[in-house]
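The sequence shown begins at 5 in the numbering used here and counts up by one.
For the record, the hints were derived by calculation from the structure and aren't laboratory data.
A few of these clues could be false.
What the hints assert, rightly or not - In the DSS-like style, the derived pairs of lysine-lysine whose C-alpha atoms are separated by at most 25 Å in a straight line are:
#	residue 1	residue 2
1	K370	K328
2	K62	K28
3	K328	K403
4	K90	K115
Said to hold, decoys possible - Derived CB-CB ranges, DEER-like:
#	residue 1	residue 2	range
5	G325	T392	37 to 43 Å
6	A358	I54	31 to 37 Å
7	G58	V384	57 to 63 Å
8	S500	N237	44 to 50 Å
9	D13	L131	26 to 32 Å
10	L59	K457	25 to 31 Å
11	E228	K359	49 to 55 Å
12	P373	L48	48 to 54 Å
For each residue, glycine too, the CB sits at the ideal point set by N, CA and C.
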Amino acid sequence: MIHGLVLNDSFQESIEIYHSMRKKGLSPDSFTFPFLLKACARLLDSKLGIKLHGLVVKAGCESDAFVNTSLVSLYGKCGFIDNAFKVFDDIPEKNVAAWTAIISGYTGVGKCREAIDMFRRLLDMGLRPDSFSLVRVLAACTRIGDLRSGEWIDDYITKIGMVRNVFVATSLVDFYVKCGNMERACSVFDGMLEKDIVSWSSMIQGYASNGLPKEALDLFFKMEKSGIEPDGNTFVGLLCACTHAGLVDEGRQYFNSMERVFTLTPEIEHYGCMVDLLCRAGFLDEAHQLVKSMPMEANAIVWGALLGGCRLHRDTQLVEGVLKQLIALEPSNSGNYVLLSNIYSASHKWDDAAKIRSIMSERGIKKVPGYSWIEVDGVVHEFLVGDTSHPLSEKIYAKLGELVKDLKAEGYVPTTDYVLFDIEEEEKEHFIGCHSEKLAIAFGLISTAPNDKIRVVKNLRVCGDCHEAIKHISRFTGREIIVRDNNRFHCFNDGSCSCKDYW
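Hey, can you work out the whole structure from these sequences and the hints?
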């Protein structure tokens, strides 16, 4: 019964059967434990999982490979990666499933370097990875934008003929899309013998996030002609394409066609995309009405999109009501407070901005620091705003000084509205000049060949001033600069950006 319920994703029911079994005086065995542990992992029930681990030891099943692999998976998915590694390390003969579980665990908690290292160790052991382990390690490469490791894994996948596997190929497409290499993503996609709805949707979303909305919409028409029915994820990609291109009328048409044409009920993600689309285009009232008319309660993402629109269009009246909703949903999220403070600062309402900062201080809420990282010769270098800890810090700031001179010679003036605090203009200008993405780009310029692309990943949204500065830098250095922030890709080339200044 437990086995059957787990196989049918009835995880809570399987746990209830387990409790009934225990009341009858029966104990689980090596066959039962893996399914119970899987149910706990899917429910993120670490409390019961730890109790089951105790029963595993008591029953003498701690040497069973299937049980141990399930324990590794449980601890990994619940975020107890040290426990997961301890169980994994004690397995005498580790099979591919065990390696996959620990790779997945490291990726899940953001320790992607460790996940990639584990994959290398798997190969060093002479084991052949399966589709699951390949998908997991590609997810690790994708998460940190590790293009070099991903390309190496791509070569390995091609070598062993696994590229024909639809799940592996789709993961490769997703990896290249999220590293900004659309040319390679297209190559993998076009070479797929079998394409499922996930593959098509990944490419559509890839085009959208990389500033190619026309290609995203064209691919949707090709997908329809091939007989593949779109799903909710497909429409997320389409609406994102419309958002990043400012195609308001087209976005409205796609949103309305979900129910009318494809009998798909719009979910909260689709409402969030529409709110974002309308807000970016300046239709704040329409966006607000859409939020109020939603058939479900708006979540933080939806209200966050409306808040972002208020910031973009300096609407300090609507924003306060939106912020109250966000604070109720996410009382510890510093971004809500910071964004409102930025709005007040940009409008020179310094007293109001100071009140927001005071509230943050009273509640112990700290602003999430912005950081950027860049990979050079297989090594990832991370930078914080105003960072001076890098070994080449002196050379980096010297290069940054050169860039500032070149920028000013072109008539560029720093946009100090993006700075949070009410300080002197000279200080503001210096603060902006040390943003993490600028430091990463300066390092890339002194550390790579003149024709190399510079790829930077940032944990927050790139600010407007940096965006404008990087456009200029791409022109007078002759470099293509790709910045992946937490919202989309920005491909800077010869003084322009793929987002067309709309993000």
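To see whether the hints hold, each was checked on the structure:
{"no.": "1", "hint": "K370 with K328", "in the structure": "18 Å, holds"}
{"no.": "2", "hint": "K62 with K28", "in the structure": "18 Å, holds"}
{"no.": "3", "hint": "K328 with K403", "in the structure": "44 Å, violated"}
{"no.": "4", "hint": "K90 with K115", "in the structure": "16 Å, holds"}
{"no.": "5", "hint": "G325 with T392: 37 to 43 Å", "in the structure": "42 Å, holds"}
{"no.": "6", "hint": "A358 with I54: 31 to 37 Å", "in the structure": "47 Å, violated"}
{"no.": "7", "hint": "G58 with V384: 57 to 63 Å", "in the structure": "39 Å, violated"}
{"no.": "8", "hint": "S500 with N237: 44 to 50 Å", "in the structure": "30 Å, violated"}
{"no.": "9", "hint": "D13 with L131: 26 to 32 Å", "in the structure": "29 Å, holds"}
{"no.": "10", "hint": "L59 with K457: 25 to 31 Å", "in the structure": "54 Å, violated"}
{"no.": "11", "hint": "E228 with K359: 49 to 55 Å", "in the structure": "52 Å, holds"}
{"no.": "12", "hint": "P373 with L48: 48 to 54 Å", "in the structure": "28 Å, violated"}
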